[in-house]
Amino acid sequence: MDTESLVIRDVSLTYEQVPVIQNLSLALKPQELGCLLGPSGCGKSTLLRAIAGFQPLNSGEIWLDDHLLASPSHATPPESRGVGMVFQDIALFPHLSVAENIAFGLGDWPLETRQARVDELLHLIGLSGMESRYPHELSGGQQQRIALARAMAPKPKLLLLDEPFSGLDTELRGRLASEVRTILKSDGICSLLVTHDQREAFDFADRIAVIHEGHICQFDTPYQLYHEPHSPFVAHFVGPGEMVDAVVEGPRSVSSPLGVLSNDQDLAFAPGTPVNLFLRPDDLIHDDDSTYQATLVGKHFRGAHHLYEVRLDNGVVLGCFAPSHHNHAIGERIGVKLDVEHLVVFPAR
Amino acid sequence: MAIKNSTPYSSRLGRYRPNGFLMTTVLAALCVALPICVVLGFLFVGESEAWSHLVETLLARYAWNSVLLSILVALGVIAIGVPAAWMISFYRFPGRDVLSWLLLLPLAYPAYILAYTYTGVLDYAGPVLTWMRSIDSPQWLMDPILNLKSLPGAALMLSLVLYPYVYLMARAAFLDQSANLMEAAYTLGQSRWAVFRRVVIPMARPAIAAGTLLALMETLADFGTVQFFGVQTFTTGIVRTYYGFGDTTGAAQLSSLLLGFVAILVVMERLSRHRVRYYSDRLRRLNQASQYVTGVRALLLQSLCLLPVLFGFLIPTALLVTWTAFYAELQSLWQLTLNSFALAGGSSLIIVTVALMVAYANRLHPSRWLSYLTVLVGLGYALPGVVIAIGVLIPFASFDHWLSAQLAFLGVPPTLWLSGSVFALVFAYLVRFLAVANGSIFSGLSRIRPSLDQSGRLLGLSQTGVLREIHVPLMRGSVLTAVLVCFVDILKELPATLMLRPFNFDTLAIKTYELAGEERLIDAAAPSLLIVLVGLLPVIWLNRSVSKE
Chain X
1 MDTESLVIRD
11 VSLTYEQVPV
21 IQNLSLALKP
31 QELGCLLGPS
41 GCGKSTLLRA
51 IAGFQPLNSG
61 EIWLDDHLLA
71 SPSHATPPES
81 RGVGMVFQDI
91 ALFPHLSVAE
101 NIAFGLGDWP
111 LETRQARVDE
121 LLHLIGLSGM
131 ESRYPHELSG
141 GQQQRIALAR
151 AMAPKPKLLL
161 LDEPFSGLDT
171 ELRGRLASEV
181 RTILKSDGIC
191 SLLVTHDQRE
201 AFDFADRIAV
211 IHEGHICQFD
221 TPYQLYHEPH
231 SPFVAHFVGP
241 GEMVDAVVEG
251 PRSVSSPLGV
261 LSNDQDLAFA
271 PGTPVNLFLR
281 PDDLIHDDDS
291 TYQATLVGKH
301 FRGAHHLYEV
311 RLDNGVVLGC
321 FAPSHHNHAI
331 GERIGVKLDV
341 EHLVVFPAR
Chain G
1 MAIKNSTPYS
11 SRLGRYRPNG
21 FLMTTVLAAL
31 CVALPICVVL
41 GFLFVGESEA
51 WSHLVETLLA
61 RYAWNSVLLS
71 ILVALGVIAI
81 GVPAAWMISF
91 YRFPGRDVLS
101 WLLLLPLAYP
111 AYILAYTYTG
121 VLDYAGPVLT
131 WMRSIDSPQW
141 LMDPILNLKS
151 LPGAALMLSL
161 VLYPYVYLMA
171 RAAFLDQSAN
181 LMEAAYTLGQ
191 SRWAVFRRVV
201 IPMARPAIAA
211 GTLLALMETL
221 ADFGTVQFFG
231 VQTFTTGIVR
241 TYYGFGDTTG
251 AAQLSSLLLG
261 FVAILVVMER
271 LSRHRVRYYS
281 DRLRRLNQAS
291 QYVTGVRALL
301 LQSLCLLPVL
311 FGFLIPTALL
321 VTWTAFYAEL
331 QSLWQLTLNS
341 FALAGGSSLI
351 IVTVALMVAY
361 ANRLHPSRWL
371 SYLTVLVGLG
381 YALPGVVIAI
391 GVLIPFASFD
401 HWLSAQLAFL
411 GVPPTLWLSG
421 SVFALVFAYL
431 VRFLAVANGS
441 IFSGLSRIRP
451 SLDQSGRLLG
461 LSQTGVLREI
471 HVPLMRGSVL
481 TAVLVCFVDI
491 LKELPATLML
501 RPFNFDTLAI
511 KTYELAGEER
521 LIDAAAPSLL
531 IVLVGLLPVI
541 WLNRSVSKE
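Taken in order, these protein sequences are the chains called X and G. Just so you know, this note's numbering puts 341 at position 341 of the first sequence, and the rest follows in order with no gaps. Just so you know, this note's numbering puts 77 at position 77 of the second sequence, and the rest follows in order with no gaps.
It is possible that some hints are incorrect.
Stated by the list, open to error - A few chain X residues that face chain G, going by a derived Cβ cut-off under 8 Å, partial list only:
| id | residue |
| --- | --- |
| 1 | P78 |
| 2 | P94 |
| 3 | G239 |
| 4 | P240 |
| 5 | V244 |
| 6 | V247 |
As the list claims (entries may be wrong) - Per label pair, the in silico range of CB-to-CB distance:
| id | chain 1 | residue 1 | chain 2 | residue 2 | range |
| --- | --- | --- | --- | --- | --- |
| 7 | X | P72 | G | A194 | 50 to 56 Å |
| 8 | G | P366 | X | R302 | 43 to 49 Å |
| 9 | G | T464 | X | T14 | 44 to 50 Å |
| 10 | G | G95 | X | D119 | 48 to 54 Å |
| 11 | G | V67 | X | Q17 | 51 to 57 Å |
| 12 | G | L300 | X | H67 | 52 to 58 Å |
The hints are simulated quantities; they were obtained by calculation from the structure and are not laboratory data. Yeah, the Cβ is synthetic: ideal placement off N, Cα and C, and Gly gets one too.
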């Protein structure tokens with residue numbers, strides 16, 4: 001069995017007397033980049049604050065590198081946990097320069113190593129030469145990278161990131177999430193990101209825990225979450241898609257309005273069971289030669305491709321990707337076919 | 001019709017014809033500029049005969065005493081205000097909410113009334129020392145009380161009434177700090193004490209500095225306390241040079257020097273306010289980070305917070321109430337109250353009207369030179385009453401002199417047309433307190449966003465309709481606050497009233513001063529108490545508006 005860095009075992013939390021996390025367990029491997037993904041109010045931020053030590057535990061235990069950080073009867077003070085944190089509001093000290101902010105947690109380091117660490121981090125985040133600037137002189141993205149450097153400076157055993165990109169504009173957000181991933185991977189710090197933005201989570205994490213109403217629905221790689229969701233909630237939360245009615249045909253195949261589909265894994269349902277088949281826009285492709293026709297009811301031009309909305313003859317509306325040059329008019333009948341690698345089926349509602 | 005209505009009303013109202021709002025602003029700026037220019041103008045007049053004497057003997061003493069007093073008051077207000085703000089902001093204990101506004105109450109006291117009251121109870125024949133002698137208290141305990149009438153004594157009195165400035169600013173700064181900043185420091189391995197020392201205090205420093213500088217402006221402007229305690233500062237020096245030596249030039253030149261000191265404070269205050277803006281972070285407030293305390297530690301916090309209230313408000317008020325109840329002659333009080341209220345009421349209405357016009361001029365015709373004029377108008381609050389009085393007396397007296405000379409051939413006897421009139425008083429109040437009214441009016445008006453005006457117009461209101469339906473209801477509170485604050489400030493104002501009032505025109509503050517001068521401190525209790533009680537109104541008001549935010 002792998003060694004584990006952060007271990008959360010059966011943790012329950014309340015926020016202002018309301019239970020927000022119930023018996024949640026989660027473990028991160030050393031150097032792993034984890035993510036808590038969930039809609040706002042699902043308790044993910046509260047969990048993060050509990051790991052940092054700003055929130056008492058109602059039950060359970062939190063361990064980091066075989067040290068008990070917190071239990072209902074024990075709480076290591078935040079300053080002794082070896083946990084760094086990047087905050088949603090960035091929280092740079094406005095009265096200190098960039099270099100002083102980064103060196104803030106290095107109080108007991110010898111002057112030279114302290115200086116070297118600051119230079120190293122500034123280089124890592126690509127802001128060398130900015131050390132004497134003040135936070136208000138920097139852009140939002142620069143401030144966030146400095147907040148990251150400040151949290152990384154004392155070499156924490158675990159880095160927590162609380163929606164660190166939510167104050168930034170969309171374009172910057174995605175870029176910064178990948179950048180931060182590269183920086184953290186090169187430093188090998190075990191990290192946990194909290195976000196409600198699925199794309200940010202995909203850009204950042206090795207594994208993502210989807211949290212809903214205080215529980216982890218699924219803890220998996222981004223690829224598996226997207227293509228093999230374990231529940232309708234996860235399926236819908238991590239990307240667009242629609243349910244169509246289908247019936248199980250054989251151990252590995254279902255019959256759908258768009259023909260019989262099969263994959264190379266056994267289904268959890270007996271033949272003849274009515275099920276819901278979950279289809280993402282990339283499962284349905286536009287093909288002029290297909291025997292199946294559907295009516296084009298909406299189109300979104302995305303440059304490299306079209307995202308069409310098509311209505312099947314049974315009334316179900318599905319998303320469908322089409323090549324950029326296949327420019328059809330709304331109302332036209334177009335050919336579509338399914339290209340499914342994994343069958344995602346849930347019990348029929 | 002479409003064309004006419006599409007013109008924004010800001011450009012329709014003005015530019016092309018003279019306009020009441022702009023004219024008033026220019027006039028108000030001229031009013032503030034007059035005393036400053038008069039006083040500074042005397043720097044170029046050359047030395048009077050008494051000036052060289054003044055420079056040799058007294059100037060150094062005035063300057064030294066003013067500086068020393070300022071240093072002691074600065075230390076005093078910080079020593080009281082910052083810990084109080086810290087306890088209120090970072091701890092939750094029973095009674096915290098009540099104490100948080102009780103701590104503002106000393107603001108209702110003019111320092112001179114506190115000085116008179118404590119002198120009354122602490123003098124040699126007073127109850128405290130009589131009792132201490134009866135129990136054979138050691139001399140070293142009684143000496144500081146006997147020496148209350150001294151520079152440190154004056155500093156103590158001023159600190160006790162001025163610390164709320166620091167308390168208010170520090171409290172706001174503490175509450176403004178994002179809780180995340182403290183948590184960030186904890187996750188970086190800092191202990192509670194280190195967080196306080198390295199994050200909380202440095203970030204509150206500009207606000208603490210701004211509060212302290214406000215207190216110092218009041219200190220430099222103080223006349224009543226230092227005069228009564230026999231401390232020779234610039235203000236007492238100016239009055240003495242003007243009346244005692246009859247030396248106009250010398251008084252004006254001393255005023256210029258005092259203005260120099262004030263100017264330094266003003267510049268420093270502006271700089272620290274500028275930095276306060278960078279330091280406030282409005283995401284998640286500190287409130288959640290404060291710590292619950294019970295038992296003995298709560299009792300300790302309660303007692304420590306109560307101390308400044310006790311000495312700055314409760315004890316003196318209890319004394320004033322007792323003395324008033326037992327010894328006051330209330331008949332003479334009616335005329336004084338009437339005079340005071342009429343003067344303060346009339347003046348504050350005029351001042352607030354002017355402030356409203358200045359504010360609307362800025363809103364309707366924003367321009368660079370107008371904003372400079374508005375800054376100039378705002379400087380009035382820093383001018384000590386004594387300096388304004390000198391700067392008003394000199395030109396008004398020369399005008400009276402000139403007019404009397406012109407009218408002499410008609411057989412009109414020489415008259416003090418301006419200098420001994422209520423007009424001079426109102427003029428001086430306008431100069432000194434317009435900034436106070438401006439503060440409230442401007443902040444009220446800035447809350448009415450231009451989009452409100454615009455949507456009002458789009459929904460069919462005329463220009464006056466916008467004023468009537470949108471501005472009047474939204475501005476009512478700010479205007480009331482401005483009137484109230486001006487009213488109380490005028491009621492408390494001593495030196496300008498003393499120097500500019502018409503002959504035999506007494507107010508509560510003047511009577512208090514005169515009675516104290518005759519050592520009839522107990523008789524001074526009734527008018528003092530009235531001033532303090534009325535002074536409480538804006539303090540309560542202020543606290544309400546602070547806590548609402």
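Status of the hints after comparison with the structure:
For X:P78, the suggested interface contact is upheld, since its CB lies about 4 Å from the closest CB of chain G, less than 8 Å. Among the interface hints, the one on X:P94 holds; its C-beta lies about 5 Å from the nearest C-beta in chain G, closer than the 8 Å criterion. Proximity of X:G239 to chain G is violated relative to the hint, the smallest CB-CB distance being about 30 Å (cut-off 8 Å). Hint on X:P240 is violated. Least Cβ distance to chain G is approximately 32 Å, over the 8 Å limit.
Annotation: X:V244 was flagged as interfacial toward chain G, and the flag is violated, the nearest CB pair being 44 Å apart, outside 8 Å. Taken as an interface hint, X:V247 does not check out: its beta carbon lies about 52 Å from the nearest beta carbon of chain G, beyond 8 Å. One distance hint, 50 to 56 Å for the beta-carbon pair X:P72 and G:A194, is violated here, with the actual separation near 28 Å. For the hinted restraint 43 to 49 Å between G:P366 and X:R302, the CB-CB distance of approximately 45 Å keeps it satisfied.
Range check, G:T464 to X:T14: about 56 Å between beta-carbon atoms, so the 44 to 50 Å window is missed. Here the CB-CB span from G:G95 to X:D119 is close to 51 Å, well matched to the stated 48 to 54 Å. Evaluation of the 51 to 57 Å hint for G:V67 and X:Q17 yields a pass: the beta carbon distance comes to about 56 Å. Here the CB-CB span from G:L300 to X:H67 is close to 36 Å, at odds with the stated 52 to 58 Å.
Violation of the numbered hints given earlier is confined to hints 3, 4, 5, 6, 7, 9, 12; the remaining hints are satisfied by the structure.
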